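Assemble the dimeric complex from its two separately framed chains, guided by the hints.
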Amino acid sequence: MLTQEQKTQFSELLEELGQTLDISPNEYAAAVKSYGAVGTQLSKEGSLLAPYKPEILPQGSFMLGTMIKPVNETDDLDIDLVCQLVGKNPLWTQYDLKQKVGDQLKENGVYRPMIEPEGRRCWTLRYSDSANYHMDILPAIVDSGYRMILEKAFSAQELDELDDLAIRITDRKRSDYRIEKLHLLWLKSNPFGYGRWFFSRASLDVMKAFSINESIKPVPDYQRDKLPLQRVVQILKRHRDLMFKGDENKPISIIITTLAAKAYNKETTVLEALQNVIERMTDYIEERFDPATGKLIKWVTNPVNSEENFADKWVEVFEKQENFYKWIYSVREDVRHALDQKDRGLHYVMESLKSPFGEKAVTKAFSNYGEKQLELRESGGMKMAGLTGMVGSSGRTHIRQHTNFGRLKDE
Amino acid sequence: MSRSISLISQEGALKSYFPDSDIRRKYDTEIRWTSIVTPTPLSATYTLHLHYKAGDGAKVYVLSPKPLALAKGKARLPHVYNHQEQRLCLYYPMDREWNPGMYYVHTLIPWACEWLMHYELWVGSGNWQGGGIEHDEDEAEG
Chain V
1 MLTQEQKTQF SELLEELGQT LDISPNEYAA AVKSYGAVGT QLSKEGSLLA PYKPEILPQG
61 SFMLGTMIKP VNETDDLDID LVCQLVGKNP LWTQYDLKQK VGDQLKENGV YRPMIEPEGR
121 RCWTLRYSDS ANYHMDILPA IVDSGYRMIL EKAFSAQELD ELDDLAIRIT DRKRSDYRIE
181 KLHLLWLKSN PFGYGRWFFS RASLDVMKAF SINESIKPVP DYQRDKLPLQ RVVQILKRHR
241 DLMFKGDENK PISIIITTLA AKAYNKETTV LEALQNVIER MTDYIEERFD PATGKLIKWV
301 TNPVNSEENF ADKWVEVFEK QENFYKWIYS VREDVRHALD QKDRGLHYVM ESLKSPFGEK
361 AVTKAFSNYG EKQLELRESG GMKMAGLTGM VGSSGRTHIR QHTNFGRLKD E
Chain H
1 MSRSISLISQ EGALKSYFPD SDIRRKYDTE IRWTSIVTPT PLSATYTLHL HYKAGDGAKV
61 YVLSPKPLAL AKGKARLPHV YNHQEQRLCL YYPMDREWNP GMYYVHTLIP WACEWLMHYE
121 LWVGSGNWQG GGIEHDEDEA EG
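Top to bottom, those sequences are chains V and H.
With the first letter of the first sequence counted as 1, position 323 gets the number 323 in our numbering; the numbers rise by one all the way through.
With the first letter of the second sequence counted as 1, position 9 gets the number 9 in our numbering; the numbers rise by one all the way through.
Possibly wrong hints are sitting among the right ones.
What the hints assert, rightly or not - Which residues of chain V face chain H? A few of them, derived with a C-beta cut under 7 Å, are: (1) Gln6; (2) Gln9; (3) Val349; (4) Thr363; (5) Gly370; (6) Glu371; (7) Gly381; (8) Met384; (9) Ser393; (10) Thr397; (11) Ile399; (12) His402; (13) Phe405.
Claimed, not checked - Beta-carbon label-pair distances, calculated as ranges: (14) Thr34(H) to Gln157(V): 53 to 63 Å; (15) Asp56(H) to Lys409(V): 13 to 23 Å; (16) Ala69(H) to Arg400(V): 24 to 34 Å.
Simulated from the structure, these hints should not be mistaken for laboratory data.
Computed from a predicted structure; not experimentally measured.
Every residue gets a Cβ at the ideal spot worked out from N, C-alpha and C, and that includes glycine.
Same shape as in the complex, but just chain H (with noise of 0.2 Å):
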């Protein structure tokens, strides 16, 4: 696995790619960043947050619209880990496609922002097109 890249880089690549986002750090051990973001030319905008705190991973949310709408029929949103908590599923934790050592915004943040345009196809057609595993399982978390 590489080397963590530190906090301080990560919030100057998130100041560099999202200017105008609500960023605060605690030393090198939490991070949350908060932005507006328009995942296609056509779709709606959306709060996102991610918030990674040492020992704890990184997570990544929908803050608003909440509740996000459902597709006709569906009773929770696909490929996250807490329907209430809008927490999105980006990565398949065994296969560490997500560590520490890879900037957000290479990584988790384009992950959330292909999430909300497969979300908005999700809702007009009930069919995922966004890829992924299901699982009810317990897994380890990334």
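This is chain V alone, in the form it adopts within the complex (with noise of 0.2 Å):
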């Protein structure tokens, strides 16, 4: 068992950890940028588009601040953006919508060279070498209203109606893509009822600094203070990236968001949060009857539409479901192993976190952590206790400014 301060201590550095993982303030800022600039290029006068007030916003993990850097710096940044239109021509289908948001696009000379090849749901536009992120955007429907609903969703302390933030979107696999032109047919979608739904789990009274309005607003202020939960997803996304790489069967982020918030029962610090999640996540993977094959199958239900299944896949490529479990058993083994460490020193958990996380993550986290220590003395805050001689931010006696000397050859 850890002692109060030892845990404290392991949270403070999981926090630092965290926060070497995040996306830095720069590239946050260029990519709000840059999606902000896709957004001007689609409300552009004179563009068929205009008339419905086309918005772009965050979604996925950038709307909810569980965004990580990519293992290797030259791997793209994924960025999910929603291109939402307040109503449309009433003779447009599905495929008319995504074309003309598609060609909206191809309109711009910077923008033609950069869009994929045209995806079931999305665009995506690929920047350059010098940006490292792709934008996913996923044209959508919604009807008049929908963003007064949408702010007020997101400022209401209770959690109802999410229905209502559903939106609509195209789908190329659907019978009806060529023909239907009553959006409130089409596919159905609420990643912001989702997000608010995120936010429920993931709110702490104590942090009213933070404001989950901001997540909605088309260009929503960095969150350098990260929530509990938010840390425990980055963590959690980290580790899967290290231990599959480029696999395409690795556990998907939706599923680990999605149990994490679910089992999050609103611990104070990282690492109690981290604990209870990967104790307690599995418990929130279902078993349903499936009348197709006759079998249970596992089932992660969507928080925001119990008819959908984020490890519908699992059926069909069975591996998913065996690496979601190999991975979530990793994950506590490591974890384990690090807290182990808890009387045999820094240089230790250092060590221990090496391999699941990253060595140049951990070891940034961990300089980190000492020049805040460095400040913190420089501050006149560090203090040393009786008996043990332990500094911190508590003790009896403050310390007193000095500075190292040291010798590079012996006296």
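Below you can see the structure in the form of structure tokens.
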């Protein structure tokens, strides 16, 4: 068992790790600027879309604040965006909307070469090497007044009528793709309802400074301070990225995020949140009878659409299911091993975290921690306790300023 | 410079902070203090030794573990007077950051515990984040 002080210190170190994995304010600002420019292109005066006031909003991890840097710095960040139109020309089918959004992007010489071959529901823009990200743009239709409903839902304390936040999207695989003009009959998706649900799971009353309202603004402010659940999701995703590299059957982020959010119990420190989440997240994988196969299948329910199984691919590709369980067992083992280093020193803790979370990230996190300790002493806030000689923000005597002197050779 | 604190007062302060430590004093001329410390909650334990002798100044050593592990690729400890003896450099002698008018428990000992924390971080990362000056010329010792 760890003492309270050990838990606190471990949490501080995990918080540092989370900060290291997070995208930087500059990367964030660059991405926001890029998708803002996409929005401008789509709503340009004279464009066929302009009357419907297209707006680009972040969804997915960018909205949830659970983005992490790719393991290799040269790899791309994925940014999921919704291109939202308020109503549409009544004659447009799903196909028409998708093409109009694509055409409006291609009209711009900058975007034309960046557009990837058409996806099932999205258009993807691949930015140049210097930008290192690609954007998945999901064309969608909402009804008038949606913006108000969205803002109301994100400022209310209570979680109700998340279904009202659903948007309608196009899907090339549907048989009515080229014929259905009534958008209320198109495929429903609810990324903002999911976001609202996630923040209701993540929020802590003690963190008043954080406003979830920010996350649904077209240009949300960078959140430096993250909630414990957001940090836990970042840490778990990093572990997944390192364990599976580019394996297409790796556990997907939406399953990790959903199960973590379901298991999270408002723990106020990152360590306690992580310990609870990894022990309990598998409890939220349900089993349902599948009439098609006559078998019980694993089911990870979409919290805003109980008919949607985020783990639906596990049926077709059993390796995906196996990989999920392999991964969570490995996370539990790695966290246990790191905690076992508790009386051996910070260097042992660091060593134990390097392989599961990356040598560079862990080294950076611990260096930042060391820098903060120096700042604490320099600001006069560091103390030493009696009996143990433990240094930190509490203790018996303040630590005076001094300059570690050093010989490069013995005297 | 402030007046020297008598060794009997230093001994009293050491006992108060570290009741389990081993303290040996010779009149007002020499004192040796040995204690186990744990510099941070997740840290290992270390045996620190402080030796003051009139005219010779105060010296602080890490007695155990010996030898202390080094960071990958490093041949010696950071901020030590003597690598073999594991004698720590805790203050800049030229600036008179320490003098016998200061209590060990307010200065040298917390500095040593802080050194140990940064030492552990250094072993893991190879970066010394504890601040200070590194020099290879001889300087007067405080």
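Structure-based check of each hint:
1. Gln6: With a minimum Cβ separation of about 4 Å from chain H (threshold 7 Å), the hint on glutamine 6(V) holds.
2. Gln9: holds (5 Å)
3. Val349: holds (6 Å)
4. Thr363: holds (5 Å)
5. Gly370: holds (3 Å)
6. Glu371: holds (5 Å)
7. Gly381: With a minimum Cβ separation of about 13 Å from chain H (threshold 7 Å), the hint on glycine 381(V) is violated.
8. Met384: holds (4 Å)
9. Ser393: violated (11 Å)
10. Thr397: holds (5 Å)
11. Ile399: Interface hint status for isoleucine 399(V): holds (4 Å vs cutoff 7 Å).
12. His402: holds (4 Å)
13. Phe405: holds (4 Å)
14. Thr34(H) to Gln157(V): 53 to 63 Å: holds (59 Å)
15. Asp56(H) to Lys409(V): 13 to 23 Å: Hint holds: Cβ distance 21 Å, inside 13 to 23 Å.
16. Ala69(H) to Arg400(V): 24 to 34 Å: holds (28 Å)
Checked against the numbered hints above, the structure violates hints 7 and 9; every other hint is satisfied.
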